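Visitor: Residue numbers (this note's numbering), protein chains in the order written: chain E, 195 to 708; chain P, 195 to 708.
In short, the hints are calculated from the structure, not lab data. This structure is a prediction, so every number in the text was calculated from the model and none was measured. Accuracy of the hints is not assured; some may be wrong.
It does not matter which identical chain is meant; a pair holds if it fits inside one copy or across any two.
[To be verified] Result set (DSBU-like, lysine-lysine): computed pairs, CA atoms no more than 35 angstroms apart in a straight line:
1. LYS331 <-> LYS321
2. LYS495 <-> LYS660
3. LYS495 <-> LYS258
4. LYS342 <-> LYS314
2 protein chains.
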Amino acid sequence: MNGAESLVQTLVDGGVDVCFTNPGTSEMHFVAAVDKIKGMRTILGLFEGVCTGAADGYARMAGKPAATLLHLGPGLGNAIANLHNARRANSAMINIVGDHATYHLKYNAPLTMDIEALAKTASDWVKTSRDAASVPKDAAQAVAEALKHPGNVATLILPADASWNESTGPVPIPEIPKPKPVDHKTIESAARVLLMGEPTILLLGGAALMEEGLWAAGRIARATGARIMANRSNGRIQRGAGRAVFDRIPYPVPPALKMLKGAAHMILVGAQPPVSFFAWRNMPNWLTPRDCKIHTLCTEKQDGVSALQALAEELDAPEQPAAVYERIRPELPAGELTAEKVWMALVAMMPEHAIISDEAVSSSRTADQLVATAPPHDWLSVTGGAIGQGLPVATGAAVACPDRKVFAMEADGSGMYTLQALWTQARERLDVVTILFANRSYRILHQELERVGVDYDCPRARELFKLTNPHLNWVDIAGGMGIHASRAETARQFNEQLEQAIHTPGPHLIEAII
Amino acid sequence: MNGAESLVQTLVDGGVDVCFTNPGTSEMHFVAAVDKIKGMRTILGLFEGVCTGAADGYARMAGKPAATLLHLGPGLGNAIANLHNARRANSAMINIVGDHATYHLKYNAPLTMDIEALAKTASDWVKTSRDAASVPKDAAQAVAEALKHPGNVATLILPADASWNESTGPVPIPEIPKPKPVDHKTIESAARVLLMGEPTILLLGGAALMEEGLWAAGRIARATGARIMANRSNGRIQRGAGRAVFDRIPYPVPPALKMLKGAAHMILVGAQPPVSFFAWRNMPNWLTPRDCKIHTLCTEKQDGVSALQALAEELDAPEQPAAVYERIRPELPAGELTAEKVWMALVAMMPEHAIISDEAVSSSRTADQLVATAPPHDWLSVTGGAIGQGLPVATGAAVACPDRKVFAMEADGSGMYTLQALWTQARERLDVVTILFANRSYRILHQELERVGVDYDCPRARELFKLTNPHLNWVDIAGGMGIHASRAETARQFNEQLEQAIHTPGPHLIEAII
């Protein structure tokens with residue numbers, strides 16, 4: 195078999211059986227190999243950021259990596275922003291980036307770029323296959339690197355001749371080192387902190403924010419009075435009725451400071467100490483009180499769930515957490531449509547085990563507490579702050595979980611970055627309901643202009659934050675990509691359209707004029 | 195004034211008065227500065243690749259740089275593909291990339307990336323301003339670097355605190371070194387080659403492809419019998435009735451080899467020796483005959499136009515070129531619509547001094563000779579092979595040349611990468627007619643699958659190259675972004691719609707079903 199075939203076989207043997215792709219000439223042998231080697235599902239994206247964002251969403255929900263197939267440096271460039279998000283989500287992913295044949299590089303043909311340098315800016319592991327014979331070994335290593343706890347972005351650069359020349363057969367995936375266990379001394383030390391009776395926060399990240407980790411943290415909270423929190427941006431959170439209560443630290447600095455005020459200790463469980471999203475002039479960027487002591491139960495490279503369970507045992511904690519979310523189905527909203535009413539309607543109708551991809555930015559600021567009482571669900575945040583994640587992540591999550599309803603909660607500004615994801619949803623008939631908050635502005639930037647302390651009028655700046663003149667007609671845009679789309683201008687219209695979208699399989703978009 | 199204000203003032207003083215932007219919080223002081231410092235026009239793009247592509251088109255047509263304003267690493271990531279194209283076009287451009295405040299970087303907040311490393315992959319010059327006091331000097335240097343012949347991509351990274359802290363006033367632009375003149379010995383040596391009476395090709399690149407350079411080359415051709423050629427991808431070509439005849443080397447290898455066959459000498463005038471776009475297995479990638487001697491009249495860093503003029507004088511060449519294009523207005527096409535008929539209709543109706551941004555890929559393969567006899571026009575190619583350039587470049591060209599009609603000749607596959615450019619065209623009421631060749635496939639990839647020598651059926655691969663199921667409705671997509679859009683299914687419909695678009699100012703899109 196040729197290099198491309200042995201690559202595809204190695205990936206499939208390693209359990210990687212979905213590939214989000216936007217291929218070109220240099221990737222043609224990989225594409226052809228998928229017709230020969232069985233077991234790889236290929237999904238076309240019309241822009242590379244859709245592919246990497248979808249692979250991220252897939253990894254978060256499937257708990258295993260997808261591959262992407264990208265076209266040289268420019269294809270990888272288009273993919274960088276969502277690779278950055280994926281890396282911040284600790285999503286496992288294997289990017290295959292085609293390159294010119296090795297002997298062609300010296301001629302500096304138009305597409306020639308330093309792909310390795312580019313890949314390193316948003317990957318945890320990068321390698322260029324030297325020749326066809328090296329491909330299966332390199333591919334197996336890429337899978338192993340991607341799978342290292344908690345998940346890594348691995349990028350394998352594949353010269354066209356390494357793809358088309360004769361290679362060996364596939365190679366098994368090397369053994370993946372287990373995460374370093376949290377030693378008993380560290381558990382005891384955390385327990386001592388918790389038993390001091392001083393105000394203590396358990397700050398969870400990574401897998402600790404899944405149901406099991408939260409449950410263990412809730413038991414610790416019950417035993418010790420500790421508060422459970424998470425940073426604002428996380429790859430995946432399991433929340434909703436019956437699950438343990440915790441708080442996400444808000445984006446604006448004043449309420450974040452308020453939430454953390456008085457903490458004497460913070461115990462990190464696979465999370466970074468909370469800092470502000472940006473540094474704002476005349477505002478602190480370190481959010482915990484200066485005299486709050488930071489302790490580490492485990493890093494993100496360790497197993498936070500078992501560490502929390504061991505800590506709960508150490509504390510002889512009760513079986514039940516301090517608090518679980520009640521199930522509250524709000525009344526269906528009426529009257530004028532607002533962002534909050536959109537969320538209320540969603541919580542009123544949300545099916546069990548829905549998946550929410552949140553990129554609503556200023557329109558999801560108040561959603562947190564409301565949605566916490568919805569039926570159990572998974573919440574996927576923009577992890578690296580790179581806008582243009584929401585629609586692709588929803589796409590990949592729907593591929594990973596065909597039996598679950600996915601809601602893409604999307605802002606009109608954010609949605610425009612990678613709107614091509616809608617076409618992939620239509621093509622693959624994915625069960626995604628996109629709710630498009632149309633406030634027809636980069637509303638957050640109006641707020642930021644005030645936050646940064648500009649002390650004069652800025653009519654021209656404010657003009658730049660308006661998505662009017664012309665306004666975006668999302669019903670037409672989404673319809674033009676084959677999506678069933680409708681517009682809601684009142685709460686009642688929204689309720690009706692949402693109900694219909696929930697009960698009709700396949701992709702929908704509701705443009706909510708707020 | 196603060197750093198941002200001194201930056202804007204330095205740019206404006208340096209003649210940089212257009213900024214294509216997609217800003218965020220870290221760029222807020224720059225955005226606000228534009229309300230205080232007069233003379234900078236800011237143009238919003240809803241995706242960063244639109245901004246850098248527009249700045250590229252602007253530079254190609256204005257002959258001077260625009261600025262872009264981008265949001266940290268992810269914003270720059272989205273801009274990379276069109277920066278790569280811009281760099282390959284030798285377009286002058288100044289990218290301002292906001293970064294976190296310097297004291298915030300150590301906290302690894304979500305948006306933190308190695309922006310310098312990313313910028314270096316697609317810039318000729320990169321610098322991070324250390325503090326507010328350094329900003330005006332750094333900005334002046336950025337302008338100078340951008341303006342160095344033949345034009346460079348300069349990227350200045352601007353930490354938020356360098357932007358908001360107090361700075362000095364603006365700084366004048368340092369003197370820009372003149373390009374190294376071509377010495378008389380080189381001119382004589384090229385003349386000797388040309389007078390040997392052996393088959394010789396003058397291969398032009400850069401400014402030599404503007405009217406004046408081509409005219410001088412044509413005179414040389416008349417004096418010596420040399421043939422004039424250009425590589426396939428060039429930043430800007432001036433062609434059409436009354437201008438000197440030359441040939442572009444085709445994309446497919448066999449006709450390229452045929453065109454270059456028999457050449458004993460090739461004289462490079464700011465061009466690279468011709469190589470194939472990709473390396474294809476079992477096909478040569480070096481396109482000139484093995485025994486063809488390559489000579490260099492000048493590099494792209496020198497002034498090709500004056501070199502050609504000096505060479506013409508050295509040869510005592512006649513005033514008229516060997517051949518100029520006749521003006522031929524074809525009959526308006528009728529019947530079924532094809533790509534060729536679209537081009538025929540365009541040539542039949544094209545106004546004087548139109549600008550063509552060509553990203554039609556497989557639909558512009560046969561256009562070359564046909565359009566050469568149209569009225570004088572400028573032709574802008576995809577220079578770096580990064581798809582998603584056509585609509586943004588047309589946008590920037592229209593900003594640079596408000597009195598000229600711009601035609602974006604766009605494929606449906608290519609158009610989807612940066613379709614957000616249409617919104618900017620609508621917002622700025624730019625005089626761009628987008629002609630969207632809807633063959634509803636990545637047609638070139640069907641051809642490439644055959645070229646790469648895959649010898650078995652690939653139904654699944656071919657499925658990946660189809661833009662059907664669902665097909666893209668460009669009338670709805672463009673209409674949803676405020677563009678006047680129509681669909682032509684016959685040649686007659688196309689003729690009518692094109693005529694109307696040409697005579698009605700403002701942006702239009704015609705979806706040509708071929």
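Visitor: Next, verify each hint and record whether it holds.
Guide: Structure-based check of all given hints:
With identical chains, the CA atoms of LYS331 and LYS321 are at most 35 angstroms apart within one copy only, with a shortest distance of 11 angstroms there and 39 angstroms across copies. In this homomeric assembly, LYS495 and LYS660 never come within 35 angstroms of each other (Cα to Cα): the closest approach is 42 angstroms inside a single copy and 42 angstroms across copies. In this assembly of identical chains, LYS495 and LYS258 lie within 35 angstroms of each other by CA distance solely inside one copy; the values are 16 angstroms within and 50 angstroms between copies. In this homomeric assembly, LYS342 and LYS314 come within 35 angstroms of each other (Cα to Cα) both inside a single copy, at 18 angstroms, and across copies, at 29 angstroms.
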